[in-house]
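> Sequence:
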Amino acid sequence: MFRFSYEEDKLKAELFSKKLKKIREERELVVEQIALLAGVSTASIRSYEAGTTLPNVKRVLKLANFFDVSLDYFFTE
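According to this note's numbering, the sequence shown is numbered sequentially starting from -10.
Calculated from the structure, these hints are not laboratory results. The model shown is predicted, which means the values in this text are computed figures rather than measured ones. Ideal Cβ placement from N, Cα and C applies to all residues, glycine included. Hints are all accurate, no fakes.
In silico BS3-like pairs for lysine-lysine, Cα to Cα no more than 30 Å straight-line:
#1 Lys51 x Lys11
#2 Lys11 x Lys(-1)
#3 Lys51 x Lys7
Simulated DEER-style distance windows between Cβ atoms:
#4 Ala39 x Glu(-3): 17 to 23 Å
#5 Arg16 x Tyr(-5): 27 to 33 Å
#6 Glu(-3) x Glu17: 29 to 35 Å
#7 Tyr(-5) x Glu21: 29 to 35 Å
#8 Tyr(-5) x Glu17: 32 to 38 Å
#9 Glu21 x Glu(-4): 30 to 36 Å
#10 Thr65 x Ser(-6): 15 to 21 Å
#11 Ser59 x Leu0: 17 to 23 Å
#12 Glu66 x Ser(-6): 16 to 22 Å
#13 Glu21 x Glu66: 27 to 33 Å
#14 Leu18 x Tyr(-5): 26 to 32 Å
#15 Ser(-6) x Asp57: 30 to 36 Å
#16 Glu21 x Ser(-6): 31 to 37 Å
The whole structure should be built from the sequences, with the hints applied where relevant.
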């Protein structure tokens, strides 16, 4: 099984957080709407946007489908 280092995980979380917040604000959505879509608490979405945690792949896929972007969108500059 492939594992990322702590630093790689931290960078991915920071990039994901920046991209999630950016697209949410561009689409004029609030945290509560995204939480309902992803099936998580608003605290989880805030944690994703703060870069302290990463959602699992299933949730990232749900978000990508909802926003009509590729999975890569969240993890590339």
